[in-house]
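From these two lone chains plus the hints, build me the complex, please.
Protein chains in written order, with my numbering: chain P, 3 to 441; chain F, 64 to 294.
Under 10 Å between C-beta atoms, here's a sample of chain P residues computed to sit facing chain F: (1) Asn49; (2) Ala53; (3) Gly110; (4) Ala113; (5) Leu117; (6) Gly154; (7) Phe174; (8) Phe179; (9) Tyr224; (10) Ala232; (11) Gly249; (12) Trp251; (13) Gln324; (14) Ala327; (15) Leu396.
These are calculated hints, taken from the structure and not from any lab test. For every residue, glycine included, the Cβ atom is placed at its ideal position computed from N, Cα and C.
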Amino acid sequence: MTYESQKVAIKYFVISAIFFGLQVVVGLLLILKYIWPDPLIGIIPFNTARAIHTNLLVVWMLFGFMGGTYYVVPEESKTELYSKKLADLQFWLLLIGGLVGVIGFLFGWTAGRPLLELPVELKWAVVIVALIFIFNVFMTMIRTKKWTAVQGLLLGGVVMLAVMWLFAIPFFKNLTFDYYYWWWVIHLWVEGAWELIAASLMAFILLKITGVERQIVEKWLYIEVALVLATGIIGTGHHYYWIGTPGYWLWWGGIFSALETVPIVLMVFDTLRHVKHRKIEIPDRLVLYWTIGCALFHFFGAAVMGMVHTLPQVNRWTHGTQVTASHGHLAFFGAYAMLILTVVYYALPKLKGISQYSQKRGFWVFWITVSMMLIMGLAFGVAGVIQSYMQRGLGIDFLTVQDFMKPWFFAVFIAGLGFFVGVLLYIIDVLKIATKKPE
Amino acid sequence: MEKKLARNLFIWATLICSAVFIWLTIDTHRAIPKRTNTDKLTDEAVLGKRVWHKYNCNDCHTILGIGGYYSPDVTKVYSTRGETWLKTFLKNPESPDPLRRKMPNQKLSDNEIKQLITFFKWVDAIDTNEWPPKPITVAKTTGDPLEETALILKGKAIYNQNRCDLCHQIGGKGGIIGPDLSKVGGKRDTQWLSRLIKDPKSVNPGTQMPAYLQLSEDEVQALASFLGGLK
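Chain F with its partners taken away, still in its complex shape (with noise of 0.2 Å):
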């Protein structure tokens, strides 16, 4: 081939592919705004995807799968956890477990964080081909909830607190002289769960274990949904 053949084949194969690549563009120009509602881009929407530029969340979640790779994909974060969680939140992410990848308090404002979920809103409902994938099969790590709410990550808190590691195991870890928590929400449900915390003998009246009266009725709540979620 001669060199001024293949400075032909350069111009004409970057002409073609640029045009198919051009006429690719405007269809999906046209398949966007149904596949994303745009009619429900409301102002609100679009203000949150500015606080999402504004304190550059972007760099440590992903969206769509692109972004930072250091802290969850948010895609589908509105369906999963829900208003109420988002809300709680966005308002005090951090994490009570000192040991977690902590998210810094940004000091959102409550307008804000109602943009922010109205944009998480009209994300979740982008058609995304199915991505991200149902998982294969669903497993869990011992010793782990099977979900994450505010709720049972102030319970697992308030399990570390009180150092309830001294007599119970949970997933290998801790003491011999209660029963082995690892699966005890599969046994037991939350309302039987917190009645034993407040008060044990009357669940079992042979027990060592002493009452934990110091708890409130929330933190109470709190701690039976973390031992609840553990099957």
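Chain P extracted, bound-state conformation (with noise of 0.2 Å):
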């Protein structure tokens, strides 16, 4: 850390945390409702957790992208932030706005829509917390003296992430519509702008771990993205498949899809160049095991398992079941809760001014949760295999079926209760960093 307003970032990352345990819990209620007759369904019934479970995922990262943006920013443009107190107004506006939409949940104030359930009121709350962010961020980093492609592509992503949420707010009359441009926003968010400020700050760590020159890992940077945009945009097809829009997208979709897998190929191969031709020693092996670790996760669990069933010949059977859970599991987590992580155990420790303190704890997270969501990802997918071939395939009743995938909801339930000890791990980490008087 070289600036005082970087400090700022320590909020993010412990709410971030928190939202992180909160998000885990909501996940087991909702798995226990699919093992044993609905526990809770008077108080929280499924509808009102998924969304409370999707909606705390969201609030979670975008806490742990703010703060990483605002750790990364300072240093890169070479300033202070130009204004700590709009970043800590935005960051109050959007925890209790965060916290107002989930309460609101239980309620039944809720848009209805799937992961956008946010009323339209909170949708707008969200926009002006954008607009503070944006603004801080850009007039941050016009101070800069020298334009990086980390800052541009740090601020193009964000900008993004701001425009495509717009199409989250209207009320559409027609449903396929109203799916087209809902995918406007989880889509090309997730492999838009989200895969745009993730590669930033994973760029921007490696510049420091490494110390590959900026020239070399910039240009890297710029492919990456190319790559992921030019396949990403039209890869949105994939979600054109079945919902009313014409079958020309069968193909689009299908082979700009296929595409989006060589991105993701080659940012494991940069990561792990970067890594080899490194030209300082990495001390912090945590940091190293997480950079790593989050290129290989990602890897499998956005490209691998996304490509399974991104074919329209595949998806055919499997849209609609609880394939599309598994892969959303394990991409998620691999592409953006383990960068938040990285970025969390990379920067707070510097943000405190500690160079050493003990990392067992973060590597057990580490392993603890790697492992888990695996065998979690893995027995959804089972799940949705069965569920594809009896309920798709044979015909048979939906509720006949989910019985005979039973056992395959414990193994996640199982496999979540372990997940969840990993993340308090993880919670009890960042708030022994956060509270840590400096050395």
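Here it is, written out as structure tokens:
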């Protein structure tokens, strides 16, 4: 850490970790509902719990990205943040907005669109938060003497994030248009805006820990995001197979989403190459583990598991089954959760001026969350294959098939419990580092 | 490759792919009205969509395959269940079977139910490129009826409440005093079955089975439909 104002990131990281924990608790409730006739059905029915689970995910990841951005931008721009006050204000707005949203869900205050359940008033509040954030980041960046690719792409990512969000706001009369633009938020966030932010943050960390020349790291960053957007934008088409959109999307979506694996493979090679050709020793083993683990899990969860059911011939049978839940969990964890944890484990000790601390717990977090998420994702996957085969292939009634999937839901629950332990350790770690006195 | 070249690649690739995507979007906009029959998208259907959102149905059920995976997809629910079934079910969705996943009663007004059904009817006709696919072959598990109408589910509940399983088996579960009923629907029709339930001796003079006179005519019909569905 070189700039005082970077410290604003600390509270973003702390809240991000706590919301992560809450998300997992609600996740455990959700899977229990699958196993045993619906605990807490009267208070938190499945739909409410799912809305909370997914929105908490988005909120904790936004906290993570924003904290990461506030850490990186001053250092890249070689200046203090434009306004620490605005960063504080924006933090509180997002926190209050998030809490109001979650509590609102419990009382049925919802827009009723999956993942975009926030009522329209709160959606506008998110726009305000995003504008403050972009303004603050932009005003900091223009003080810079030399624009870097990391800055530019980070700014591009947050602007794209805000612009795409606008499609979440209107009410669509036609369900097909509704979902057409729904994916402009969901898909173009996770396979567009978020990738830009994530790739820039990762490039920054690689730059710092490996000491490889900026020219090289940024060159590969450009190639990577070029491929991400070139394949990802039209790749949105893999969501347009069965929603009332024309048949040519089966071709556009099928081909471009198959190509979406290319940038991720490249990213794995990039990461490994930078680490191999490092110019300085990497004393922080934990950050190194998270960095490489993130690249590998990103590849497995997003690229492999996505590829498995993205072709129309397969997707026809697996669409709308637990196969999607499997891919969703693995991809989000590998691509974004692990990235945010990498950023936090890199930045938080530096923000506190701690150069050495026991990383034992951090390694436990790594191995527990990674292994448990693997089991969870695979168990969802098996459940999904059973469902695709029996329900879609053999035409057996939905609820009858759910009974056959129960053992795998049980496996998800057990792995979920393990995962929760990992996340608890992570929260403890974050709180311990965040409250530590500087050396 | 130099960094500058990589940057230009990024800019051009993004611009070109965005342009193609927007072009496809414009064309999709042209095609959707016909594929989704927007002329039939009446105010009532739109109100139905608002009901769908209001109760957050989509976080349990999928529609067009999107949403929560907790409950059945409703894309084709209008044509598979029919209007009467939907009306009855939406009025009181709580399954009579305590072991089954249960939909909480949303306490919809009659008007909301009507609007929601109109919405489902419109969704049912969307050209989805033939999704959901027709099953390769229709299989069934022993002891489960092929169809699950409200009547059949009610019949199943009556079967359980009256402990028919003390004497009869379905799918390997139950007693052995009476005949196995796992495939009874293949041999007997519902009329014969309802006669038997009301007065067993009228169809089989030597039987030990008691007459179930306490069941109402509706209940007998439901039970007979459930048994008749076991094939």
